[in-house]
Amino acid sequence: MTTLTLMNKKDIQTILSSQLFNAEFYLTSYPDVKNSGIDPIIHYVLFGCHENKNPNDTFNTQTYKNLFQSTFEKDENPFAHYLRHNENLYFFEKGLLQNNSHEVLLNCLNKIKKYPYFNPEYYQAANPNIKFEGISATRHALLYGIGEGRTVLSPRHIAQHLGWECKQQLTYTPAKPSGKAVLPESVGVFYHSEGNIFIQELAEILCNYIKRSKINVQLMTEKTPVSERPELCIFCAPHEFFFLRGSEHWKNEDILTSSIMFNTEQPHTLWFTRGLIYCLMSAGVIDICHQNMASFKNTGLNVFHFDPLPVVKKTTLTQTEKKHPFFRVLSEETKNSSSPLCPLEERPLDISFFGNTSGNRERFFSHNTEFFTEYSCFLYYRKTDGPLTHSDKYSVPANFPRYIAERSKIALNIHRDDFGFFEWHRLVQQNMASGAVVVTEECFPHPLYKNGTHYLSESARHIPNLIEWLLNTDDGMAEAARIQKNCFRVFANKSLALSKLNDIRSYLASVWSTVQ
Amino acid sequence: MISPKPWDPAPNQIFSFCKATPVPSDLISICLTNYNYANFIKECLESLAAQTHEALDLIIIDDASDEADTHEIILSWLTEHKKRFYKITFLANAFNQGPSFSRNLAFQHAAGESVFIIDADNTLYPTALEKLYAALNNGQFPAVYSQLEEFGERRGIGRADIFNPELLKKNNYVDVMALIRKNIWAELGGFTDIDRGWEDYDFWLKFIDHNLEPGYLPEILCRYRVHNKSRTVRDALSAHDNLELIMELRHPTPPDQKLYMPPKRHSGPTLRIIEAD
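These protein sequences, in sequence, are chains G and L. The working numbering numbers the first residue of the first sequence as 1 and each following residue consecutively. The working numbering numbers the first residue of the second sequence as 517 and each following residue consecutively.
Source of the hints: derived by calculation from the structure; they are not laboratory data. Nothing here was measured: the structure is a model prediction, and the numbers come from that model. No residue lacks a Cβ here, since even glycine has one placed at the ideal position from N, Cα and C. A hint or two may mislead.
What the hints assert, rightly or not - Here are the simulated BS3-like cross-link-like pairs (lysine-lysine), alpha carbons at most 25 Å apart as the crow flies:
#	chain 1	residue 1	chain 2	residue 2
1	L	Lys535	G	Lys167
2	L	Lys598	G	Lys167
3	L	Lys686	G	Lys167
4	G	Lys383	G	Lys323
5	L	Lys722	G	Lys167
6	G	Lys450	G	Lys313
7	G	Lys111	L	Lys774
8	L	Lys598	L	Lys535
9	G	Lys297	L	Lys774
10	G	Lys167	L	Lys774
11	G	Lys251	G	Lys297
12	G	Lys450	L	Lys722
13	L	Lys774	G	Lys485
14	L	Lys598	L	Lys521
15	L	Lys774	G	Lys114
16	L	Lys521	G	Lys113
17	G	Lys450	L	Lys521
18	G	Lys10	G	Lys65
19	G	Lys322	G	Lys383
20	G	Lys94	G	Lys251
Claimed, not checked - Simulated restraints, written as ranges between beta carbons of each label pair:
#	chain 1	residue 1	chain 2	residue 2	range
21	G	Lys113	L	Glu729	32 to 38 Å
22	G	Asp32	L	Pro770	38 to 44 Å
23	G	Leu317	L	Asp757	52 to 58 Å
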């Protein structure tokens, strides 16, 4: 029979009145306590603290003892000591995130708790080898799971959230002009110089978009010295930028928490998961997918949907680019000058496609091989590993898909995976803005571009029917011309263009107001 | 009514027949789809002709079967038995369009207010349509289905049960052999083509999305042939996890309701590392 000392009784009183002891956490983390039948608080004071058990998810007994043991009174419980002397300090473990402060980690933890793609039960089920002793599943995911490349996000919760968002009415409503908004004096849009060429293109588009809204902005890379840090940083594709070499000096917590992250990745990939920590830490997230943006909004982040109007202009290839085998393989007719406004019937190519390999695309193309042989096509279905980068001389120039789209009647979009993201870069930037008619598998709704008006969608199996009708019938050609015209009408809409510029200004001002 | 899309390929009409008498008020349309079941379809047709319900409108869609003698087999049977039916429409897709497209096509040609769906490898017991039709009207249901008998490579009874949205979200236990009101089919937007199968499940989940509850008639009336050609065995099984996610995406659980998490299988849903484009 153990008896309580006076100190024990005093400690229990302190801990009880703080209401910070989490009995449920204690019992689930340490099943042996449950079996002992002892009241969890008494157990912690008498035994648990010596066994380095934790009284809740935020206080690490061992860490605290290491720092303060010399100042304890006889028998004094570490957590009670903390409550008496150090309650304004944090004492939880930092896991793999040692370079971050407790404040920032706590902030991230609170965000991930509200993040709809994360579910602690799923995380536990997906990682059966982890012993969640003294740490909650949510905290483990944040401090270890993401960094260790574990399965962190629940595919079913992702599907639920995106599916639900897709059911919501979605129309574009211009933001109200913010009259006296204070803006940063300089903005930097960062991309990694060794990354995917399409990320660089997106960075350039974002930079030009901000520039047109009359904000001082510059394109920067990991090579930019920190001494030239702009007032507000925007990091494109954090899943790439912070993971390729040479970006270490930008991983400073002060920079990360006052910057915007531009997410371009789809959430069911491991790429996305590893970039997630940077999004959670940030001052705001710009997302290329409207439905994905909503998931960040749930956590309380200041979010923005990336949707600038594309600039319609003729694509020209340099003399070097014209030596590329993909240019040389084109027919003379296709090498001739063209423009996005070229009428469909004058375009030499029937169908074009650019995209990397995936199971979905493999099925589609292997089922329809014979169909496509009847048409003049440019189908770059790429199986080589790794992203297209600048360092590779056999890489395709970033503007080449546009060059081809300008000469195609139909631009085909087959989704990489089962989730039908509206792939803005391919659909709008590369294809619609080149005057090609987009034929796609069904897509998530977009605020501006609508199925049947700006593009045409069909199930993969029936896409050949649609293409055949568009290309071979008078009604189909008329429909194609109508779609092409509708797109140009959006791109040439001056009040919409102004409103879009106003949107980005307002957003940058709202983020700036929270970080300056 | 769902109109065909301008690019839907027009089917070839192989055979048609209609009695000159007025349309019976209790006319049931039958949507019979065939893809490479030439060796089974006669058995199916015989079971339809043997129905105790008199007024039948038969629509056969051959989804571009590869078997050379398919049309001949069907045509000779139809010529011999046409008088058993009030109306017959036999259409053939120029090339394979899939079960959703074929069923929608049949609904578009249906003359009755309700349509029974059957694949050419399955059969019915003689009282099936009479009983299902009575149940449809007795309960004022949007659709009704019965229990199945499994035959062929396995003998057994199906898993049909009361239409319970909560259970149905977990997995499908309702076969597509069901009597469905044509106006409900239109309201739901018809069948959707789902790559690798599960269009039946998708169709039933649409009922839940629209707050509609089909009726379950607890009698064993329909016969489901189990064989290695069954599409579920061929395609859908290997894609099971992805299809579950597609169903959740297409018919999401409302955010305020607890999400059903399927038990972990040996090969659970996997996250794949894929390139940024």
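Evaluation of the provided hints:
Restraint check for L/Lys535 and G/Lys167: the C-alpha separation of about 46 Å exceeds 25 Å, so the hint is violated. For the suggested pair L/Lys598 and G/Lys167, the alpha carbons sit about 46 Å apart, so the restraint of at most 25 Å is broken. Of the pairs offered as hints, the one joining L/Lys686 and G/Lys167 holds, with about 21 Å between alpha carbons and a cut-off of 25 Å not exceeded. Restraint check for G/Lys383 and G/Lys323: the C-alpha separation of about 23 Å stays at or below 25 Å, so the hint holds.
With a C-alpha separation of about 13 Å, the suggested pair L/Lys722 and G/Lys167 falls inside the 25 Å cut-off, and the hint holds. Proposed proximity of G/Lys450 and G/Lys313 is supported: the alpha carbons are some 22 Å apart, at most 25 Å. Restraint check: the Cα-Cα separation between G/Lys111 and L/Lys774 comes to about 20 Å, which is no more than 25 Å; the hinted pair holds. As the CA atoms of L/Lys598 and L/Lys535 are separated by approximately 10 Å, the hinted pair is consistent with the 25 Å bound.
This hinted pair checks out: G/Lys297 and L/Lys774 have alpha carbons roughly 21 Å apart, not beyond 25 Å. For the hint linking G/Lys167 to L/Lys774, the alpha-carbon distance of about 18 Å falls within 25 Å, and the restraint holds. Proposed proximity of G/Lys251 and G/Lys297 is supported: the alpha carbons are some 23 Å apart, at most 25 Å. For the proposed pair G/Lys450 and L/Lys722, the alpha carbon gap of about 23 Å is at most 25 Å, so the pair holds.
Under the criterion of a C-alpha separation no larger than 25 Å, the hint pairing L/Lys774 with G/Lys485 is inconsistent with the structure, at around 45 Å. Distance check on the hinted pair: L/Lys598 and L/Lys521 sit about 31 Å apart at the alpha-carbon level, beyond 25 Å; violated. Among the hinted pairs, L/Lys774 with G/Lys114 is consistent with the structure: their alpha-carbon atoms are about 15 Å apart, no more than 25 Å. For the hint linking L/Lys521 to G/Lys113, the alpha-carbon distance of about 45 Å lies beyond 25 Å, and the restraint is violated.
Annotation: proposed proximity of G/Lys450 to L/Lys521 holds, straight-line Cα distance about 17 Å (limit 25 Å). Using a Cα cut-off of 25 Å, the hinted pair G/Lys10 and G/Lys65 holds, with the two alpha carbons roughly 19 Å apart. At most 25 Å may separate the alpha-carbon atoms for a hinted pair to count; G/Lys322 and G/Lys383 meet this at roughly 23 Å. A C-alpha spacing of about 16 Å is found between G/Lys94 and G/Lys251, which places the hinted pair at or below 25 Å, so the restraint holds.
In this structure the supplied range 32 to 38 Å holds for G/Lys113 paired with L/Glu729, their Cβ-Cβ distance being about 36 Å. Range check, G/Asp32 to L/Pro770: Cβ separation about 40 Å, and the 38 to 44 Å hint holds. Between G/Leu317 and L/Asp757 the C-beta distance comes to about 44 Å, which lies outside the given range of 52 to 58 Å.
Taken one by one, the earlier hints fail for this structure at numbers 1, 2, 13, 14, 16, 23, listed in ascending order.
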